[in-house]
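2 protein chains.
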Amino acid sequence: MEHRLDRIKKELHAQSYKLTPQREATVRVLLEREEDHLSAEDVYLLVKDKAPEIGLATVYRTLELLTELKVVDKINFGDGVSRYDLRKEGAKHFHHHLVCTECGSVEEIMDDLLEEVEEIVQKDWGFLVKDHRLTFHGICRVCQENMEEEEKN
Amino acid sequence: MEHRLDRIKKELHAQSYKLTPQREATVRVLLEREEDHLSAEDVYLLVKDKAPEIGLATVYRTLELLTELKVVDKINFGDGVSRYDLRKEGAKHFHHHLVCTECGSVEEIMDDLLEEVEEIVQKDWGFLVKDHRLTFHGICRVCQENMEEEEKN
DNA sequence: GTGGTTGCAAATATTTTGCATGGCT
DNA sequence: AGCCATGCAAAATATTTGCAACCAC
Numbered sequence: 001m002e003h004r005l006d007r008i009k010k011e012l013h014a015q016s017y018k019l020t021p022q023r024e025a026t027v028r029v030l031l032e033r034e035e036d037h038l039s040a041e042d043v044y045l046l047v048k049d050k051a052p053e054i055g056l057a058t059v060y061r062t063l064e065l066l067t068e069l070k071v072v073d074k075i076n077f078g079d080g081v082s083r084y085d086l087r088k089e090g091a092k093h094f095h096h097h098l099v100c101t102e103c104g105s106v107e108e109i110m111d112d113l114l115e116e117v118e119e120i121v122q123k124d125w126g127f128l129v130k131d132h133r134l135t136f137h138g139i140c141r142v143c144q145e146n147m148e149e150e151e152k153n
Numbered sequence: 001m002e003h004r005l006d007r008i009k010k011e012l013h014a015q016s017y018k019l020t021p022q023r024e025a026t027v028r029v030l031l032e033r034e035e036d037h038l039s040a041e042d043v044y045l046l047v048k049d050k051a052p053e054i055g056l057a058t059v060y061r062t063l064e065l066l067t068e069l070k071v072v073d074k075i076n077f078g079d080g081v082s083r084y085d086l087r088k089e090g091a092k093h094f095h096h097h098l099v100c101t102e103c104g105s106v107e108e109i110m111d112d113l114l115e116e117v118e119e120i121v122q123k124d125w126g127f128l129v130k131d132h133r134l135t136f137h138g139i140c141r142v143c144q145e146n147m148e149e150e151e152k153n
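Protein chains in written order, with our numbering: chain G, 1 to 153; chain C, 1 to 153.
These are calculated hints, taken from the structure and not from any lab test. Treat the hints with care, since some could be wrong.
Intra- or inter-copy, both count: the list cannot distinguish identical chains.
Result set (DMTMM-like, lysine to aspartate or glutamate): computed pairs, CA atoms no more than 20 Å apart in a straight line [claimed, not checked]:
| # | residue 1 | residue 2 |
| --- | --- | --- |
| 1 | Lys18 | Glu118 |
| 2 | Lys130 | Glu102 |
| 3 | Lys10 | Glu119 |
| 4 | Lys50 | Glu102 |
| 5 | Lys18 | Glu102 |
| 6 | Lys18 | Asp42 |
| 7 | Lys130 | Glu145 |
| 8 | Lys48 | Asp111 |
| 9 | Lys123 | Glu148 |
| 10 | Lys123 | Asp112 |
| 11 | Lys123 | Glu145 |
| 12 | Lys152 | Glu35 |
| 13 | Lys74 | Glu102 |
| 14 | Lys130 | Glu107 |
| 15 | Lys88 | Glu108 |
| 16 | Lys48 | Glu150 |
| 17 | Lys123 | Glu107 |
| 18 | Lys74 | Glu119 |
| 19 | Lys130 | Glu148 |
| 20 | Lys70 | Glu102 |
| 21 | Lys74 | Glu149 |
| 22 | Lys123 | Asp111 |
| 23 | Lys88 | Glu107 |
| 24 | Lys88 | Glu119 |
| 25 | Lys92 | Glu108 |
| 26 | Lys123 | Glu108 |
| 27 | Lys130 | Asp79 |
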C-alpha cells in the first residue's frame with residue numbers, strides 16, 4: 001500500500017505536482033476501496049472521514065489529475081455518474097467489467113483477452129490501439145442461480 | 001428507410017406506444033444521421049428543422065423509449081454527454097468503436113470480433129453475456145499519417 | 001371521456017469555475 | 001514574494017419531472 005502511494009507520489013513530483021494531504025487522503029481511499037467503482041461523491045464522503053475539511057471540488061480536481069497521470073481510469077457504466085478505477089500496477093491496459101443487469105454488481109476481469117482482437121483492428125483498420133474499454137452486460141452467476149430457483153417454484 | 005421506420009412503428013405498437021409526429025421526426029433524424037453519434041441536444045436541434053414546436057424533454061423521452069425498445073443504444077465516450085446510436089437491423093450485439101485521441105473521430109466496426117472472448121467469459125466466469133460495449137482508444141490512420149509527415153519536417 | 005403524449009418551466013444532479021485565502025519555499 | 005493548491009459558492013451542463021393542455025380513438 002505504502003509502496004503504491006510512494007509510486008504515485010513520485011509520478012506527481014515528476015510532473016511537479018505535490019502530494020498534499022488532501023490528495024494523499026484521496027489516493028488512500030482509492031487504494032483501500034480498490035475493488036469498488038466509486039463515484040466522485042462516494043470518494044468525497046469517504047475522504048471526509050480522514051480529512052473533514054476537504055471540499056468536493058478538490059476531490060474532483062484530484063481525480064482529474066490522477067486520470068491525467070493514468071493512475072486511475074474514469075469510467076462510465078451508463079448511469080449519469082463517472083466512476084474512478086485505480087489502474088493495476090504495471091497493467092498495460094484497462095481491465096474489463098462484467099455488469100449484471102439484474103443485481104447491478106460489477107465484476108472485474110484482469111486477463112487481457114483482447115490481444116488478438118487488437119491485432120485485427122490494427123491490421124484491418126489501420127488503427128493504432130492505445131487502450132480499450134470492454135464491458136459485458138448480462139447476468140452474473142448468482143442471479144442465474146436465483147432465477148433457476150424461482151423457476152422451480 | 002421507410003421500411004425501417006415501419007418496423008420501429010410496429011415495435012412501438014407492440015408495446016402500445018404510438019408513433020407520434022414528434023417521435024417519427026426523431027426517428028427520421030436518427031436514420032438520416034446513422035453514422036453519427038448524436039447527443040440528445042444534437043438530435044433536438046436537427047429535429048427542430050422538421051418539427052419546430054418540439055421540446056427538448058420530448059426528445060429525451062423519445063430517446064429513452066427507443067433505448068428501452070433496443071432500437072437505439074445509449075453510449076458514452078467519456079465526455080459528459082450521452083450519445084444515441086441506432087442498432088443495425090438484425091444485429092445481435094452492439095457494434096464497436098474506434099475513438100481517435102488525436103482528432104476525436106469515431107469509427108464503427110460491425111464485425112463481431114468477440115465471439116471467442118464471450119465464450120471464455122461464459123465458461124470461466126459463469127457470466128451469461130447478453131451484450132457488450134467495446135471501445136478502442138488510439139490513433140486513427142489519418143492522424144498516424146499526419147504524425148509521420150510532421151516527423152519528416 | 002380516457003389515456004397516452006407533449007411543451008414548458010422548474011427541479012435535480014453532476015461537474016466545473018472564479019476568486020479570495022492559505023501554505024510552502 | 002511567488003506559486004500552486006484549497007474551500008466555498010456560484011455557474012454551467014445535462015437530464016428528469018410536474019403539470020396543465022392536447023390529441024386520437
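Evaluation of the provided hints:
1. Lys18 x Glu118: neither (36 Å within a copy, 43 Å between copies)
2. Lys130 x Glu102: between (32 Å within a copy, 12 Å between copies)
3. Lys10 x Glu119: neither (33 Å within a copy, 41 Å between copies)
4. Lys50 x Glu102: neither (34 Å within a copy, 39 Å between copies)
5. Lys18 x Glu102: neither (43 Å within a copy, 28 Å between copies)
6. Lys18 x Asp42: Neither way: Lys18 and Asp42 sit 23 Å apart in one copy and 40 Å across, limit 20 Å.
7. Lys130 x Glu145: between (38 Å within a copy, 16 Å between copies)
8. Lys48 x Asp111: Result: close neither inside a copy nor across copies, 34 Å intra and 47 Å inter.
9. Lys123 x Glu148: Between copies only: 18 Å across chains, 43 Å inside a chain, cut-off 20 Å.
10. Lys123 x Asp112: Answer is both: 19 Å inside a copy and 16 Å across each meet the 20 Å cutoff.
11. Lys123 x Glu145: between (41 Å within a copy, 15 Å between copies)
12. Lys152 x Glu35: Neither, since 34 Å and 46 Å both go past 20 Å.
13. Lys74 x Glu102: between (24 Å within a copy, 18 Å between copies)
14. Lys130 x Glu107: between (23 Å within a copy, 15 Å between copies)
15. Lys88 x Glu108: Classified as within: same-chain Cα gap 11 Å, cross-chain 29 Å, threshold 20 Å.
16. Lys48 x Glu150: neither (42 Å within a copy, 48 Å between copies)
17. Lys123 x Glu107: Only across copies: Lys123 and Glu107 sit 15 Å apart there, 31 Å inside one copy, limit 20 Å.
18. Lys74 x Glu119: Neither. Shortest intra-copy (25 Å) and inter-copy (27 Å) distances fail the 20 Å Cα cut-off.
19. Lys130 x Glu148: Between copies only: 17 Å across chains, 41 Å inside a chain, cut-off 20 Å.
20. Lys70 x Glu102: Close across copies (17 Å), not inside one copy (31 Å); limit 20 Å.
21. Lys74 x Glu149: This pair counts as neither: shortest intra-copy Cα distance 37 Å, inter-copy 32 Å.
22. Lys123 x Asp111: between (22 Å within a copy, 14 Å between copies)
23. Lys88 x Glu107: Intra 15 Å, inter 28 Å, cutoff 20 Å: intra-copy only.
24. Lys88 x Glu119: neither (23 Å within a copy, 25 Å between copies)
25. Lys92 x Glu108: within (16 Å within a copy, 24 Å between copies)
26. Lys123 x Glu108: between (28 Å within a copy, 15 Å between copies)
27. Lys130 x Asp79: between (26 Å within a copy, 18 Å between copies)
The earlier numbered hints that this structure contradicts are 1, 3, 4, 5, 6, 8, 12, 16, 18, 21, 24.
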